[in-house]
Amino acid sequence: MSSEDGTPMFRHTLLLRGAGPASVEQLEDLVDVSVSESDRYYPAFQFVIWGGKTATEALNAALIDVAGEA
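Here the sequence shown is numbered in the working numbering, starting from 34 and rising by one per residue.
Simulated from the structure, these hints should not be mistaken for laboratory data.
We put the beta carbon where it would ideally sit given N, CA and C, even for glycine.
Don't take every hint at face value.
[What the hints assert, rightly or not] Restraint-style ranges between C-beta atoms, simulated for each label pair:
#  : residue 1 : residue 2 : range
1  : Pro54     : Gln79     : 36 to 42 Å
2  : Ile97     : Thr40     : 22 to 28 Å
3  : Val57     : Thr87     : 37 to 43 Å
4  : Ala88     : Gln59     : 27 to 33 Å
5  : Pro54     : Leu92     : 30 to 36 Å
6  : Glu37     : Phe78     : 27 to 33 Å
7  : Tyr75     : Pro54     : 27 to 33 Å
8  : Thr46     : Glu102    : 29 to 35 Å
9  : Ile97     : Glu58     : 31 to 37 Å
10 : Arg50     : Gly85     : 43 to 49 Å
11 : Lys86     : Asp62     : 29 to 35 Å
12 : Gly51     : Phe78     : 34 to 40 Å
13 : Ala94     : Leu49     : 32 to 38 Å
From just these sequences and the hints, can you work out the full model?
See the structure below:
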């Protein structure tokens, strides 16, 4: 969340020290990570928007790691 206005945001760092510009593969990995994290936190947004939960409650629920398969 943005500390200025509470807007949800995503940030990921790609270290490129001395390696020149990012490669296509690195950018593909960055997009994959972004989509994966968006999918992971999507339920938290739904809990806040539709479920009336606080952001803290929603994040706590979304961060529970599921064990096993259904």
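Against the structure, the hints:
Under the hint 36 to 42 Å, the C-beta atoms of Pro54 and Gln79, about 37 Å apart, fit the expected range. For Ile97 paired with Thr40, a C-beta distance near 25 Å keeps the hint of 22 to 28 Å intact. A hinted range of 37 to 43 Å for the beta carbons of Val57 and Thr87 is consistent with their spacing of about 41 Å. Between Ala88 and Gln59 the beta carbon distance is about 31 Å. The supplied range of 27 to 33 Å therefore holds.
Pro54 and Leu92 have their C-beta atoms about 35 Å apart, which keeps the hinted 30 to 36 Å range intact. At roughly 19 Å, the beta carbons of Glu37 and Phe78 sit outside the given window of 27 to 33 Å. Between Tyr75 and Pro54 the C-beta distance comes to about 31 Å, which sits within the given range of 27 to 33 Å. A hinted range of 29 to 35 Å for the beta carbons of Thr46 and Glu102 is consistent with their spacing of about 33 Å.
Remark: the range hint 31 to 37 Å for Ile97 to Glu58 is upheld by a beta-carbon distance near 32 Å. For Arg50 and Gly85, the Cβ-Cβ distance of about 45 Å falls inside the hinted range of 43 to 49 Å, so the restraint holds. Our hint of 29 to 35 Å for Lys86 and Asp62 holds, since their Cβ atoms are close to 32 Å apart. For the pair Gly51 and Phe78, the beta carbons lie near 38 Å from each other, so the given range of 34 to 40 Å is met.
Evaluation of the 32 to 38 Å hint for Ala94 and Leu49 yields a pass: the beta carbon distance comes to about 36 Å.
Checked against the numbered hints listed earlier, the structure breaks hint 6 alone; every other hint is satisfied.
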